[in-house]
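> Chains as they are written, first to last, in this note's numbering: chain A, 1 to 203; chain B, 204 to 406; chain C, 407 to 609; chain D, 610 to 812.
Hints are computed from structural coordinates only; laboratory data are not their basis. Hints may contain errors.
What the hints assert, rightly or not - Interface residues of chain A toward chain B, partial, derived using beta-carbon atoms under 7 angstroms: (1) M1; (2) T114; (3) T118; (4) L120; (5) D132; (6) S180.
Ideal Cβ positions, reconstructed from N, Cα and C, are used throughout, including at glycine.
Protein chains: 4
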Amino acid sequence: MAKLYFRYGSVGSAKTLNLLAVAHNYRQQHKKVLLIKPALDDRFGKNNIRSRAGLEQEADILVDERSDLLKLDFKGIHCLLVDEVQFIPALVIEQLREITHKKKIPVICYGLRTDFKTRLFEGSARLMELADSIEEVKSTCHFCTRKAIMNLKHSNGKAVIDGPTVDVGAEEKYFPACYSCYFQQVTLHAAPSQKLDDTFAPA
Amino acid sequence: MAKLYFRYGSVGSAKTLNLLAVAHNYRQQHKKVLLIKPALDDRFGKNNIRSRAGLEQEADILVDERSDLLKLDFKGIHCLLVDEVQFIPALVIEQLREITHKKKIPVICYGLRTDFKTRLFEGSARLMELADSIEEVKSTCHFCTRKAIMNLKHSNGKAVIDGPTVDVGAEEKYFPACYSCYFQQVTLHAAPSQKLDDTFAPA
Amino acid sequence: MAKLYFRYGSVGSAKTLNLLAVAHNYRQQHKKVLLIKPALDDRFGKNNIRSRAGLEQEADILVDERSDLLKLDFKGIHCLLVDEVQFIPALVIEQLREITHKKKIPVICYGLRTDFKTRLFEGSARLMELADSIEEVKSTCHFCTRKAIMNLKHSNGKAVIDGPTVDVGAEEKYFPACYSCYFQQVTLHAAPSQKLDDTFAPA
Amino acid sequence: MAKLYFRYGSVGSAKTLNLLAVAHNYRQQHKKVLLIKPALDDRFGKNNIRSRAGLEQEADILVDERSDLLKLDFKGIHCLLVDEVQFIPALVIEQLREITHKKKIPVICYGLRTDFKTRLFEGSARLMELADSIEEVKSTCHFCTRKAIMNLKHSNGKAVIDGPTVDVGAEEKYFPACYSCYFQQVTLHAAPSQKLDDTFAPA
Chain A
1 MAKLYFRYGS
11 VGSAKTLNLL
21 AVAHNYRQQH
31 KKVLLIKPAL
41 DDRFGKNNIR
51 SRAGLEQEAD
61 ILVDERSDLL
71 KLDFKGIHCL
81 LVDEVQFIPA
91 LVIEQLREIT
101 HKKKIPVICY
111 GLRTDFKTRL
121 FEGSARLMEL
131 ADSIEEVKST
141 CHFCTRKAIM
151 NLKHSNGKAV
161 IDGPTVDVGA
171 EEKYFPACYS
181 CYFQQVTLHA
191 APSQKLDDTF
201 APA
Chain B
204 MAKLYFRYGS
214 VGSAKTLNLL
224 AVAHNYRQQH
234 KKVLLIKPAL
244 DDRFGKNNIR
254 SRAGLEQEAD
264 ILVDERSDLL
274 KLDFKGIHCL
284 LVDEVQFIPA
294 LVIEQLREIT
304 HKKKIPVICY
314 GLRTDFKTRL
324 FEGSARLMEL
334 ADSIEEVKST
344 CHFCTRKAIM
354 NLKHSNGKAV
364 IDGPTVDVGA
374 EEKYFPACYS
384 CYFQQVTLHA
394 APSQKLDDTF
404 APA
Chain C
407 MAKLYFRYGS
417 VGSAKTLNLL
427 AVAHNYRQQH
437 KKVLLIKPAL
447 DDRFGKNNIR
457 SRAGLEQEAD
467 ILVDERSDLL
477 KLDFKGIHCL
487 LVDEVQFIPA
497 LVIEQLREIT
507 HKKKIPVICY
517 GLRTDFKTRL
527 FEGSARLMEL
537 ADSIEEVKST
547 CHFCTRKAIM
557 NLKHSNGKAV
567 IDGPTVDVGA
577 EEKYFPACYS
587 CYFQQVTLHA
597 APSQKLDDTF
607 APA
Chain D
610 MAKLYFRYGS
620 VGSAKTLNLL
630 AVAHNYRQQH
640 KKVLLIKPAL
650 DDRFGKNNIR
660 SRAGLEQEAD
670 ILVDERSDLL
680 KLDFKGIHCL
690 LVDEVQFIPA
700 LVIEQLREIT
710 HKKKIPVICY
720 GLRTDFKTRL
730 FEGSARLMEL
740 ADSIEEVKST
750 CHFCTRKAIM
760 NLKHSNGKAV
770 IDGPTVDVGA
780 EEKYFPACYS
790 CYFQQVTLHA
800 APSQKLDDTF
810 APA
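One chain only, chain A, in its complex shape (with noise of 0.2 angstroms):
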């Protein structure tokens, strides 16, 4: 049996740029390797996976709540890379995970752990359950010198923790906190209606 690998992050710290790395370093070998993203992922173009640090591939495969990854047919394949592994359903995870078991392909998913609001992406979440081996990629607190955890959402200027995902129209921003920023923030900005604790409450 192969290893599912999960290697998660904050915004910000080069989960992509390892990725490549990765890719680079098995096609050195003449190893082939297929690149894997979520579909809805579009916004360096549909099938681009690219760096904020300059490196750029295109994706191999898009994947969404469709996909039946156990079909297609890995002949020769070493390794799949999977990237913004956040962003893809439950289910293809469970597809990551037999493949390993049935191809005896290593798989490495890279992606965020959490949102703006501290909770678990759905293909995050699935990962923490059935991940062989989970990894962190490291960075920087946004605000001061600590390791960074959390993603905090700025909208329009303002720390945000509730309201839509998406937010048609407003100016949004990411930055990686460290939960002591992330907090100071919150409680700085956020409206009496949208206090940290009440975002703490379980849904």
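Given the coordinates of chain A, assemble chains B, C and D onto it according to the supplied hints.
Here is chains B, C and D on its own, set in the frame of chain A:
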């Protein structure tokens, strides 16, 4: 700010012995620790934290969903150690997170990652979201030589993947298992109505 | 091929208790382990592996520089566990490495990283070169709240960074320390001829 | 006190790309970093830090055994990033350790663990002794699917385990390898006078 740790492992990975070892080390340095466990875990007596390998200590605090740890005075305390953290309510996990921030006390939590249906426990899920550090306490698959990542349940000698969490009258046993052995046992033993694919379908 | 692990930690980090916990887990699964220790470590009786936290077991094999572990029959053995590995000769570390390869038995070694002069021990150095996995057993600095990474020696109540490894007649004590506290203690207590800069100069 | 990190990996594990990714992340947060490399590494031009995957930056500081980093002014610097740290003299590693302590600047070092004879490099050895955190940058064995931990040298197409570090006139190539493949290649190709047992004998 102090740190929040989640040290997860399968059944039988000596998590409790690890916890007692950390407690011992702090006390050797004349530093005070508090031992915390969920009130519902009364296998070894209501207040006892006992390792199967032979050590035992009394818990200082029992918590349930009505607990408010932030009201307690933690003066002079150097570390909080939490056992069986998977059974701790999400709300109390958030209190522990706050304690690292407001009282500057590190909190080290030991517990299972997932139940026998491969789902995160409530306390484990919130820790996977909020912990500064996610660390694995390793153990070996009961059935082969690979690392265990799942908890396989036998009920009356057969692997089960469904049914109530507590099955009164049944003889239950849990085994650490790798994904491959978990999958094989479950496929072998499960009744047609309990196929793995069903279990894996999102609730 | 099986794996070779080096789990290093400072004095008082409960390495031996961790080792005994792993032994316990294997035996719970009706798997056989062998416990190995250096012949020269006879603090708790020649054959005993004893944790300060309270557990104890007899060692199965004592090794020194004349040992040839590859001549032994390891049939039916699932794991080798090595305590105080820093005192094991480099040559025997290489035999352990061979055992993972030729006999397919995993070897898990516990020991100190460095001596009180900040230098790798012989066994630790060879493991740092050959281990598949280098893992830290964490503990806390005796003098503050940071993680300990050094081993500070007090001789007759003063921090020392030089002199013989065994100082007959002196009352010796070892403390886990972070770099900062180690540095401060050593600068404070060391005689002019034993400044840190001298110690740090390569031999 | 800030921390000293050693991120080690085999040849071709994209250590430099990881370093450049970290530099990029700091700069995105308008934080200043300094890039350091050994003066003797002039493969890509004296001052260049270049990843085989395609990114490149100029080094800010070149160091050799006469360097005294503690004399420099690090005002406004948030992080020091060191490439090819295996070639950095032990004395300079100690200066980096001091910088984390006296100037409170984190230092992240990337480099090889061992040479083709399985021996720690000078810089790597001192880091294995002094680093707060020892982390692996993983890559795959060139010859199989296991993790690489060794650096195999081919000279004129044959595996070698002895001889000068720089062999003028020979065509040299390095491969990442697991212990098993390293061992097999070396046993197969090495001349009788260069048996593995000899290599492994302590100097």
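> Decide, hint by hint, whether the structure agrees.
Going through the hints against the structure:
1. M1: At about 4 angstroms, which falls below the 7 angstroms cut-off, the nearest Cβ of chain B leaves the hint on M1 (chain A) intact, so it holds.
2. T114: Hint holds; T114 (chain A) Cβ to chain B Cβ min 5 angstroms, cut 7 angstroms.
3. T118: 6 angstroms, holds
4. L120: 6 angstroms, holds
5. D132: Given a least distance of 6 angstroms, the restraint on D132 (chain A) holds.
6. S180: 4 angstroms, holds
Every hint from the earlier list agrees with this structure, and none is contradicted.
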